[in-house]
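There are 2 protein chains.
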Amino acid sequence: MNVLVISASPRTIGRTGVVGRYLKNSYDVELMDLAKNPLPLYTGEPAQAESEQIKDFRKKVLDADGIVLVSPEYHGAMSGAAKNALDFLSADHFRYKATAIMVCAGGGKGGINALGNMRTTLRSLYANTIPTQMVLDPVDIDRENDTLMEGIVPKVQGLMEEFFYYTQAGIEIRKAKAKG
Amino acid sequence: MNVLVISASPRTIGRTGVVGRYLKNSYDVELMDLAKNPLPLYTGEPAQAESEQIKDFRKKVLDADGIVLVSPEYHGAMSGAAKNALDFLSADHFRYKATAIMVCAGGGKGGINALGNMRTTLRSLYANTIPTQMVLDPVDIDRENDTLMEGIVPKVQGLMEEFFYYTQAGIEIRKAKAKG
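Chains A and B are the protein sequences, given in the same order.
Everything in the first sequence is counted per full-length UniProt numbering, starting at 1 for the first residue and increasing by one.
Everything in the second sequence is counted per full-length UniProt numbering, starting at 1 for the first residue and increasing by one.
A few of these clues could be false.
Copies of the same chain look alike in the list, so a pair counts if it fits in one copy or across any two.
As the list claims (entries may be wrong) - Under the rule of at most 20 angstroms between Cα atoms (straight-line distance), these lysine to any residue pairs were calculated in the SDA-like manner: (1) K109 <-> R119; (2) K109 <-> Y126; (3) K175 <-> D92; (4) K109 <-> S90; (5) K60 <-> S90; (6) K109 <-> A91; (7) K109 <-> S124; (8) K36 <-> A47; (9) K36 <-> L4; (10) K55 <-> L4; (11) K36 <-> P46; (12) K109 <-> R123; (13) K109 <-> V156; (14) K24 <-> T147; (15) K60 <-> L4.
These aren't lab readings, by the way, just hints derived from the structure by calculation.
In this text, all values refer to a predicted model and were calculated from it rather than measured experimentally.
Work out the full structure: start from the sequences and follow the hints.
What follows is the structure, encoded as structure tokens:
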């Protein structure tokens, strides 16, 4: 099982990166950090599709059996960097694949609109976004030790457990579809 | 009254650009075309805030009394380029200002999710997004003459008339607030 975590904050010092690194350190997953390796702005130009960086990004998502998308909430939606990354992709990259969505927000009721935005967009890419989703508030992040606070870990574990079940289910479905 | 139209497609050959140019040619508005003058990817770094391009962009929005945001729908949401542009802005740029939202979509039921995404994001920026909104399908665009098809023009006129009323209302509110 090949799982890709996309940390989709454009800020190198953001809390989203902490979540991405936590997942990388806790599970057998690959991490793509859009702050450390930013994608160019999507233009739709054919030359862009030929760039090594874009070919590599598309291949990584294509090769993944499941994708975890972690984004900060900016202005009631996923980051522009997150949406821009998804603009390079199509249903070919997501069909019959599980996706899990996590949002870093500022507290209060924040984060829910970004989750809704991500779910709608991933639906239009034909991903199977799992029902469990989560918002991580500043209180959930242990910045000093670059990890998560203990209290939030069981919720992340529950989400990841569900995600791996659905990722496996997607693998089975794609296998069945390939057989015809 | 100072009105800014943001054409928020990253594609130079897109239909969104046609809409932007139509508005520029039909009304007393300024046009900012994000395909012709792309913004960098937002990083939150202080150096970025000091760049002339970002200072100029922020000032244009700050000086506007009302903003028309035109975006293509990509994957059930506004373009990454549109969201990335908004990530540079805050409620300081939008409070007590009217915004109008228009989306270029591929036909069928397309475009509605992007309008919802734009409205939610502009709400979080404290803009007053007017009730009338519209989707422009390929059938509404006269690519050959780089303009709109005649049939859709009355709907655009209705939207713009409402938008100008609300933009004027916003001017009055800001004036009253400034007096205290």
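Hints versus structure:
no.	hint	result
1	K109 <-> R119	both (18 angstroms within a copy, 18 angstroms between copies)
2	K109 <-> Y126	between (28 angstroms within a copy, 16 angstroms between copies)
3	K175 <-> D92	within (15 angstroms within a copy, 52 angstroms between copies)
4	K109 <-> S90	between (31 angstroms within a copy, 18 angstroms between copies)
5	K60 <-> S90	within (13 angstroms within a copy, 34 angstroms between copies)
6	K109 <-> A91	between (31 angstroms within a copy, 18 angstroms between copies)
7	K109 <-> S124	between (26 angstroms within a copy, 12 angstroms between copies)
8	K36 <-> A47	between (23 angstroms within a copy, 17 angstroms between copies)
9	K36 <-> L4	within (16 angstroms within a copy, 34 angstroms between copies)
10	K55 <-> L4	within (16 angstroms within a copy, 36 angstroms between copies)
11	K36 <-> P46	between (25 angstroms within a copy, 17 angstroms between copies)
12	K109 <-> R123	between (23 angstroms within a copy, 15 angstroms between copies)
13	K109 <-> V156	within (19 angstroms within a copy, 36 angstroms between copies)
14	K24 <-> T147	within (11 angstroms within a copy, 50 angstroms between copies)
15	K60 <-> L4	within (8 angstroms within a copy, 39 angstroms between copies)
Consistency with the previously given hints is maintained throughout, with no hint failing.
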